[in-house]
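*Asks:* Protein sequences appear in the order of chains A and B.
Numbering of the first sequence is given in our numbering, commencing with residue 1458 and proceeding in unit increments.
Numbering of the second sequence is given in our numbering, commencing with residue 1458 and proceeding in unit increments.
No lab work stands behind these hints: they were computed from the structure.
Note that the Cβ used here is the ideal one computed from N, Cα and C, for glycine as well.
Please note that a few of the clues may not be correct.
Some chain A residues near chain B, calculated using beta-carbon distances under 7 Å [what the hints assert, rightly or not]: (1) 1543; (2) 1576; (3) 1595; (4) 1597; (5) 1599; (6) 1687; (7) 1764; (8) 1780; (9) 1781; (10) 1784; (11) 1809; (12) 1810; (13) 1812; (14) 1813.
Beyond 12 Å from chain B on every Cβ pair, some chain A residues (computed) [stated by the list, open to error]: (15) 1587; (16) 1621; (17) 1625; (18) 1669; (19) 1740; (20) 1742; (21) 1808; (22) 1824.
Okay, here's what each chain looks like letter by letter:
Number of protein chains: 2
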Amino acid sequence: MKYWLEKIEGGITAVPGVEAAGVHCGLKKNGEKDFALLYCPQPAVAAGVFTSNRFKAPPLKVTENHIENLVRAVVINSGNANACTGLRGENDALATAGETAARLALAKEEVLVASTGVIGSYLPLEKMFAGIREAVEALSDQGGSDAAQAIMTTDTISKQVAYRFQVEGGGSFVIGGMAKGSGMICPDMATMLAFLVTDAGIEKTSLQKALQECVNYSFNAITVDGDTSTNDMVLLLSTGSGNLDITEGSMFWEPFKEALMQVCSELAYMIVADGEGTTKVLRLTIKGAVDYKSGKKLAYSVLNSPLVKTAFFGEDANWGRIVTALGYSNVDFDPEKVDISLGHVQVAARGEAVAFDELEAKAALMKAEIPIEINMHMGTEEITFWGSDLSYEYISINGAYRS
Amino acid sequence: MKYWLEKIEGGITAVPGVEAAGVHCGLKKNGEKDFALLYCPQPAVAAGVFTSNRFKAPPLKVTENHIENLVRAVVINSGNANACTGLRGENDALATAGETAARLALAKEEVLVASTGVIGSYLPLEKMFAGIREAVEALSDQGGSDAAQAIMTTDTISKQVAYRFQVEGGGSFVIGGMAKGSGMICPDMATMLAFLVTDAGIEKTSLQKALQECVNYSFNAITVDGDTSTNDMVLLLSTGSGNLDITEGSMFWEPFKEALMQVCSELAYMIVADGEGTTKVLRLTIKGAVDYKSGKKLAYSVLNSPLVKTAFFGEDANWGRIVTALGYSNVDFDPEKVDISLGHVQVAARGEAVAFDELEAKAALMKAEIPIEINMHMGTEEITFWGSDLSYEYISINGAYRS
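Chain A with its partners taken away, still in its complex shape (with noise of 0.2 Å):
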């Protein structure tokens, strides 16, 4: 049998049926939207995955007790966390999903809700209320696009994606996707805020397991500065609206993973590209490893260390730090047996230096995405994680982010 995948336009709204609207209601003061929503038409089964911070935020909570349902809107704002806002916080989010639900004439608990943004202030009521009816006013089978505006934050560009996978001569499905970045960066469990949509028809358990699988590899392998947040999430719903049906398992279950993992990858990839300050994209390759948590933590420790990260904006292979922080990760390793390789450069070899031509290493870190290849010899474990420098423009950023 013959299958493809195909990219297409339309983010999150690509898929048949589902309508979305981005609009202003005045939590951003310089008037860009802020305010988003996402219908489906026919009852969706979702799979989550939450931040692991201590401090989950109100909206957080809600979620996870409405996701256990069939789903029919998910109610997004950036400009404010709602986050350490305790019991009225919970109670401000129940009222979001409870306000948008009788605007749709749905049950409350048939709506997800999220936030993004400044932790700590409680949510304007009054605001978040013009904007679900303006909202509801405004919803469009072309609305993905301002959607995945209204809740950027200080992203740069908005974030999103669809493909369609079809079958030669027989069924197809859609996931389409958007995410905002673009601080407070370093996913354990989900990151910041992605939204995805398919209209395959999957049931819940293998939903749940699909997405975990992709988000590992892909939302949860990228950082920016190290800052896991109070609110980040993934929400995934599928409408089954669709003639291709999926479970664990089954013909399909490989390739609606494939897809997914492709949607989860672009999004997540555009995070970091779009991070704060970000000027190159870190891609570093952790072979060797003894497994997916040992090798997450390695990479981690590199891509958040901040003298790896200046190192790479100052395009200067300076290896020694890359050696620095596997060192301090805590992971079990023998130092030598360490290979590092920048681009095509290998640069150390069995822990200790090695002779390299040090213009062919400028060549490779003046590109705006750098291969890191570091080889552990411990184990067979290998994954890619994508990181950033560390720039002058993320110290400008935040500086003053909330005043």
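Use these hints to put chain B onto chain A, whose structure you have.
*Replies:* Showing chain B alone in chain A's frame:
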């Protein structure tokens, strides 16, 4: 009995009989001092605390062996860390000890070695040997300042301190020390290089115990960038030439540790205050932690967060970032118990926002040293940690350090 602690001039050479030198032997391109020698006329008992980084530099291996003996000299170079240099690096460190011993008519096992600077380059032995010859010539009981200058890398000021402990009408001892920062500062076991000398008579086990205790609450309670170096070490030499003998539990054991703690704290503070790009020192007191280990994890999660650091640089009371960093620290706690104050201004109570005067908060944040207090209400441990903000200058220093 009456006794007191008095700050005195002279750094390590404030200790009677101790000689030191700092010279330029060609490791630094800019002609600044890069080679230091410390000499004890009598054999000294020595204690040491070393980096926990898996890539432990060869000089540390040599020093860990030699420190088992009575010690007569310490030789330190800056400009080259002799790290990731394998067997050749170890032989180079041994050769440095050997040549120093030959010039001073000692056994090479009586000489300790330390290096700091760029990782992954072999030591230029000819230059090192020239440095040894010149430093031996220059040895003087006034040489403490020269030595403190010679161990600097990106430090902008040299760091030394000395205290005399005086019993009224009776005995006394002196503790002198020098240290260097100022990047790759997130000690775990020992931080960077610090060299301490005392003339108090104290046997090896007590000396090591006192040093480890003091290091935990001084050098191991600071962080600039979360990077734990391959070359960190703190050495404490006791010449025993004074007229006070100390043993664990004896009359002056606690006063000795207090004096040592004073010296370690001041040097550690100088490292943070002169940290790369530091414009503000963050004094973070964690109260109500369960134990030292979890308190430190919480503190370092906050002090190493680039978002927290840039907020303080920007004088922005963005306490949500503090909460977030606590939340991803992997320490078990109840988010609904956490109180946070910046200066005298409480910004969060029981994990939630409290209304506070923004102008009053801003006033606290404009100071050069900012007290932060976090009460976890989980236990009784209280510890103070020191960190720094993250500024444009840090990027500028580290974007092109190696070249």
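*Asks:* Could you run down the list of hints and mark each one as holding or not?
*Replies:* For each hint, the structure was consulted:
1. The closest approach between the C-beta of residue 1543 of chain A and any C-beta of chain B is roughly 4 Å, which is under the 7 Å cut-off, so the hint is satisfied.
2. The interface hint given for residue 1576 of chain A holds, since its Cβ lies 3 Å from the closest Cβ of chain B, which is under the 7 Å cut-off.
3. Look at residue 1595 of chain A: its Cβ only gets to about 30 Å from chain B, farther than 7 Å, so that hint breaks.
4. Interface restraint check for residue 1597 of chain A: the shortest CB-CB distance to chain B comes to about 34 Å, outside 7 Å, so the restraint is violated.
5. Because the smallest distance between the Cβ of residue 1599 of chain A and any Cβ of chain B comes to about 35 Å, over 7 Å, the interface hint for this residue is violated.
6. Taking 7 Å as the C-beta contact cut-off toward chain B, the hint placing residue 1687 of chain A at the interface holds, the least distance being around 5 Å.
7. Interface hint status for residue 1764 of chain A: upheld, as the beta-carbon distance to the closest one in chain B is roughly 5 Å, under 7 Å.
8. Hint status for residue 1780 of chain A: holds, given a least beta-carbon distance of 5 Å to chain B, under 7 Å.
9. Residue-level restraint check for residue 1781 of chain A holds (minimum Cβ-Cβ distance to chain B is 5 Å; threshold 7 Å).
10. Look at residue 1784 of chain A: its Cβ gets to within about 4 Å of chain B, closer than 7 Å, so that hint holds up.
11. Look at residue 1809 of chain A: its Cβ gets to within about 4 Å of chain B, closer than 7 Å, so that hint holds up.
12. Satisfaction of the interface hint for residue 1810 of chain A is found here, the shortest Cβ-Cβ separation to chain B being roughly 4 Å, below the 7 Å cut-off.
13. Interface restraint check for residue 1812 of chain A: the shortest CB-CB distance to chain B comes to about 11 Å, outside 7 Å, so the restraint is violated.
14. Against a cut-off of 7 Å between C-beta atoms, the interface hint on residue 1813 of chain A is violated, since the closest Cβ of chain B lies about 10 Å away.
15. Distance check on residue 1587 of chain A: its Cβ is at least 23 Å (rounded) from any Cβ of chain B, clearing the 12 Å threshold; non-interface status holds.
16. Every beta carbon of chain B lies more than 12 Å from that of residue 1621 of chain A, the smallest distance being close to 37 Å; the non-interface claim holds.
17. For residue 1625 of chain A, the condition that its CB be more than 12 Å from all CB atoms of chain B holds, with the nearest at approximately 47 Å.
18. Listed as a non-interface residue, residue 1669 of chain A keeps its Cβ farther than 12 Å from every Cβ of chain B; the least gap is roughly 19 Å.
19. Against chain B, the non-interface label of residue 1740 of chain A holds: every CB pair exceeds 12 Å, the least being about 20 Å.
20. Look at residue 1742 of chain A: its CB is around 20 Å from the nearest CB on chain B, clear of 12 Å, so calling it non-interface holds up.
21. A beta-carbon of chain B comes within 12 Å of the beta-carbon of residue 1808 of chain A; the shortest separation is about 6 Å.
22. Every CB of chain B lies more than 12 Å from the CB of residue 1824 of chain A, the least distance being 17 Å, so the non-interface label holds.
Of the numbered hints listed earlier, those contradicted by the structure are 3, 4, 5, 13, 14 and 21.
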